[in-house]
Amino acid sequence: MMHQRLSSILSKKRCTLLGVGPMSINCVDAAIELANEHEVPLILIASRRQIDSEKFGGGYVNNWTTEEFANYVIDNDKKGKILLARDHGGPWQNTKEVAEKLSLRRAMESAKSSYLADLEAGFQVLHIDPSVDIFGTPDVDEVLDRVFELYEYCWDHAQRLGQEVIFEIGTEEQSGTTNTQEELDYTLNSILKFCKKNNIVQPSFVVIQTGTRVMETRNVGSFDTPVRVANELPAEIQVPQMVEICNRYGIMMKEHNTDYLSDEALQWHPRLGIHAANVAPEFGVAETIALLSVLESNGLSKHADQFLQLSYDSNKWNKWMLNNTTASNRDRSIIAGHYIFSHPDCLSLKKDAASQLAKLGINLEQHLKQQVKKSILRYMSNFRLVGSK
Amino acid sequence: MKRVATIILNRNLPEITDRLHDHLKKYDGDETDIFVIEAGSESGNISQYTTWFADWTEAKANGLRYSRGMNYGLSQLWKEGRFEQYDAFFLLTNDTELQEQPSLAPLMSVMDQHPRVGILSPCSPRWGEKLLLNKESTKYFWFIHNNAYLLRRQFVESILNTDQPDFMNFVFDGSNFRGYLSESELIAKGYANDWAAAITSEVWATENESHLINQADLIKTEKYEENLSLYIEEGQSWLRKKYGFNSRWSMQQYVKSFYDKFFEFHPEFINFKV
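Keeping their order, the protein sequence lines are chains V and L. 1 is the number of the first residue of the first sequence in my numbering; add one for each residue after it. 1 is the number of the first residue of the second sequence in my numbering; add one for each residue after it.
Take these hints with a grain of salt, some might be off.
What the hints assert, rightly or not - Residues from chain V that keep clear of chain L, each with C-beta distances beyond 10 Å, as calculated: (1) GLU33; (2) LYS81; (3) ASN363.
Said to hold, decoys possible - Mimicking DSBU-like on lysine-lysine, the simulated pairs with C-alpha atoms at most 35 Å apart in a straight line are: (4) L/LYS130 / V/LYS193; (5) V/LYS351 / V/LYS79; (6) L/LYS130 / V/LYS196; (7) L/LYS261 / V/LYS193; (8) L/LYS130 / V/LYS319; (9) V/LYS79 / V/LYS12; (10) L/LYS242 / V/LYS13; (11) V/LYS197 / L/LYS273; (12) V/LYS302 / V/LYS359; (13) L/LYS241 / L/LYS223; (14) L/LYS223 / L/LYS242; (15) V/LYS374 / V/LYS79; (16) V/LYS101 / V/LYS55; (17) V/LYS13 / L/LYS261; (18) V/LYS78 / V/LYS112; (19) V/LYS96 / V/LYS81; (20) L/LYS273 / V/LYS196; (21) L/LYS256 / V/LYS193; (22) V/LYS374 / L/LYS241; (23) L/LYS273 / V/LYS12; (24) L/LYS135 / V/LYS193; (25) L/LYS256 / V/LYS12; (26) V/LYS374 / V/LYS359; (27) L/LYS241 / V/LYS13; (28) V/LYS316 / V/LYS112; (29) V/LYS12 / L/LYS241; (30) V/LYS112 / V/LYS197; (31) V/LYS319 / L/LYS223; (32) V/LYS81 / V/LYS12; (33) V/LYS197 / L/LYS135; (34) L/LYS256 / V/LYS13; (35) V/LYS12 / L/LYS261; (36) V/LYS78 / V/LYS13; (37) V/LYS81 / V/LYS196; (38) L/LYS135 / V/LYS196; (39) L/LYS273 / V/LYS13; (40) V/LYS193 / L/LYS273.
Derived from the structure by calculation, the hints contain no laboratory data. By construction, the Cβ of each residue, glycine as well, lies at the ideal position given by its N, Cα and C atoms.
Based on the provided sequences and hints, a complete structural model is requested.
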């Protein structure tokens, strides 16, 4: 039903579906409000680092556990427009599993327990991604074996719970390099055979590399540039090819790392037949910039400086930096801002700032949510989710 | 009689140009005549092999770039009555680097095996397209971004502008100075006239961009980043004015529609479709 509903929306609206990273409570609220105001589906795509079960101590977003996050969304999503999705579930996708250097079997068990918590909480879309391996680089067949094991596990438990679930598969990290036709054909063929043999529903989405890659606050992949990116197929060739293959298999193509693309590039997504696209850090950065701006323009520079220092000290910006970066410390703090929104020191400084801003007639959280809504709305408009019938 | 006319475009880099000339002479001398264009080079920076010198004021100030430069060379061949003696034209910028072996004999062999290929590009080891050339070494594409093309004479004849055989109009559109999407326009003209555009891994070539990055002052051109920004800005303006397209993706769909049509009428080449 869910797959058919999404397919029907895609064919009626000729749109691209949007996956929104739940970067903060304001971001989650913004997505819920927009989906309900415009009566269109939005997919909240929670990574395991953002939201995970109690066993893993929750995630960095609002310190929510899977259950708390799901309950919050389900309670507030009055019209039922939000799809709760696990993004990049799988072994070693939680920092704890990496820190503890879990063995393959233990990491798979751990991933399964996380998926089980997702299903019990009411998640509807599960992304099976066992491409991370802290002990080596598994070949495609090893990765596929892990996909099958997790897929079957999730399907069995969804059946047992009477929970409708659809699947997303994708064996990539943010490599930015392009899939080949052969690789995609092989992967889809193997998975469809597995599903048929085991009488399991086939995946609804497959993650396709279209030439998008996020570094710092830019998309540095080939999608939005007219010059060549070394060893990548130009997006002009890659995208139509991949869309054609996905359509042949009846699986929707999902683009990851869509952040920071230009309006022009986004507007072409529906026209090129890209079925869905994920955006995450851009929304976190939008909120951070809005926070700094409102603090600094209302005499609260001290609070802004404290926030910048706290964010910088988190070192969470590290993985986003380009090799030859020219980013300033402020830039780095902005990149990492959303990781510390739930840090006690940040909560405390925001509380103090909110009370001072309230005296000026500014509702801080409301203001931040509005800015994130603007950022999400840019994607919804360009993807034809709003503004067209 | 040599089957190919190779045209090399130089601007103020005589050593690099001469090296490419000598390379071609050494490995492909039996297959090609070589013509060197000076795109407004300064007097001390002229190749020893110069054939034609674009020495008018604007060319000296701004150079010719690919479209105007190749138009100039091809139209000179036309005016000199030498155009028809060649089967194909190999158009190169001087920063092209070829393998230490013959390039043109294998390229012409591909042309001979693919009678409807009008545009042929060697592949580069730095291109993702190489992954598509495993089973078949030559495939037909709707998008090729390169500065080294072998053009079949019959294809060029189907699109050339004999009313204005000059550096602005002969084959390429010289008003698109920096050449944004000029390759797509050429490929569209190809498929629209029943000629395919192919990439082959039978021959490898690379563009050494370090010359442009490190020697922009010497070449008398803009810095790389500035050039890139102007390339897009001016190109988008050209695209809108000429086609009413506001995006490179419109051009991509335009070319691909011709590409898809080509295979409807030439199912015999379906194995070469990507």
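Each hint tested on the structure:
1. No beta-carbon of chain L is positioned within 10 Å of the beta-carbon of V/GLU33; the least distance is around 31 Å.
2. Chain L leaves V/LYS81 outside its interface by the beta-carbon criterion, the shortest separation being 30 Å against a cut-off of 10 Å.
3. The beta carbon of V/ASN363 sits about 39 Å from the closest Cβ of chain L, which is more than 10 Å, so the claim that it is off the interface holds.
4. With a CA separation close to 29 Å, the supplied pair L/LYS130 and V/LYS193 stays within the 35 Å bound.
5. At roughly 31 Å between alpha-carbon atoms, V/LYS351 and V/LYS79 fall within 35 Å of each other, so this suggested pair holds.
6. Restraint check for L/LYS130 and V/LYS196: satisfied, since their Cα atoms lie roughly 34 Å apart, inside the 35 Å limit.
7. Between L/LYS261 and V/LYS193 the alpha-carbon distance is near 33 Å, which keeps this suggested pair within the 35 Å criterion.
8. Simply put, L/LYS130 and V/LYS319 have alpha-carbon atoms about 30 Å apart, close enough for the 35 Å limit, and the pair holds.
9. Between the alpha carbons of V/LYS79 and V/LYS12 the distance comes to roughly 20 Å, so the proposed pair stays at or under 35 Å and holds.
10. Proposed proximity of L/LYS242 and V/LYS13 is supported: the alpha carbons are some 31 Å apart, at most 35 Å.
11. Annotation: proposed proximity of V/LYS197 to L/LYS273 holds, straight-line Cα distance about 33 Å (limit 35 Å).
12. Distance check on the hinted pair: V/LYS302 and V/LYS359 sit about 17 Å apart at the alpha-carbon level, within 35 Å; holds.
13. Distance restraint check for L/LYS241 and L/LYS223: the Cα-Cα separation of roughly 26 Å lies within the 35 Å cut-off, and the hinted pair is therefore satisfied.
14. In summary, the hint linking L/LYS223 to L/LYS242 is supported, as the alpha carbons are separated by about 27 Å, within the 35 Å threshold.
15. A C-alpha spacing of about 21 Å is found between V/LYS374 and V/LYS79, which places the hinted pair at or below 35 Å, so the restraint holds.
16. At most 35 Å may separate the alpha-carbon atoms for a hinted pair to count; V/LYS101 and V/LYS55 meet this at roughly 16 Å.
17. The hinted pair formed by V/LYS13 and L/LYS261 meets the criterion: a straight-line CA distance of about 27 Å does not exceed 35 Å.
18. Pair hint V/LYS78 plus V/LYS112 holds up; C-alpha atoms about 30 Å apart against a cutoff of 35 Å.
19. For a cut-off of 35 Å, the pair hint linking V/LYS96 to V/LYS81 stands: about 32 Å separates their Cα positions.
20. Pair hint L/LYS273 plus V/LYS196 holds up; C-alpha atoms about 30 Å apart against a cutoff of 35 Å.
21. Simply put, L/LYS256 and V/LYS193 have alpha-carbon atoms about 32 Å apart, close enough for the 35 Å limit, and the pair holds.
22. A hinted pair counts as satisfied when its Cα atoms are at most 35 Å apart, and V/LYS374 with L/LYS241 qualifies at roughly 32 Å.
23. For a cut-off of 35 Å, the pair hint linking L/LYS273 to V/LYS12 stands: about 31 Å separates their Cα positions.
24. Using a Cα cut-off of 35 Å, the hinted pair L/LYS135 and V/LYS193 holds, with the two alpha carbons roughly 25 Å apart.
25. Taking the CA atoms of L/LYS256 and V/LYS12, the gap is about 25 Å. The hint holds against a cut of 35 Å.
26. In summary, the hint linking V/LYS374 to V/LYS359 is supported, as the alpha carbons are separated by about 25 Å, within the 35 Å threshold.
27. Among the hinted pairs, L/LYS241 with V/LYS13 is consistent with the structure: their alpha-carbon atoms are about 31 Å apart, no more than 35 Å.
28. Between V/LYS316 and V/LYS112 the alpha-carbon distance is near 27 Å, which keeps this suggested pair within the 35 Å criterion.
29. Under the criterion of a C-alpha separation no larger than 35 Å, the hint pairing V/LYS12 with L/LYS241 is consistent with the structure, at around 33 Å.
30. For the given pair, V/LYS112 sits about 22 Å from V/LYS197 by alpha-carbon distance, which is consistent with the 35 Å threshold.
31. Between the alpha carbons of V/LYS319 and L/LYS223 the distance comes to roughly 30 Å, so the proposed pair stays at or under 35 Å and holds.
32. For the hint linking V/LYS81 to V/LYS12, the alpha-carbon distance of about 17 Å falls within 35 Å, and the restraint holds.
33. As the CA atoms of V/LYS197 and L/LYS135 are separated by approximately 31 Å, the hinted pair is consistent with the 35 Å bound.
34. Restraint check for L/LYS256 and V/LYS13: satisfied, since their Cα atoms lie roughly 24 Å apart, inside the 35 Å limit.
35. Only pairs whose Cα atoms come within 35 Å are accepted, and V/LYS12 paired with L/LYS261 is accepted, the gap being roughly 27 Å.
36. Of the supplied pair hints, the one linking V/LYS78 and V/LYS13 holds, its CA atoms being roughly 23 Å apart against a limit of 35 Å.
37. Distance check on the hinted pair: V/LYS81 and V/LYS196 sit about 30 Å apart at the alpha-carbon level, within 35 Å; holds.
38. Among the hinted pairs, L/LYS135 with V/LYS196 is consistent with the structure: their alpha-carbon atoms are about 30 Å apart, no more than 35 Å.
39. Proximity of L/LYS273 to V/LYS13 is assessed by CA-CA distance (about 31 Å); at most 35 Å being required, the pair is judged to hold.
40. The straight-line distance between the Cα atoms of V/LYS193 and L/LYS273 is roughly 27 Å, inside the 35 Å bound, and the hint therefore holds.
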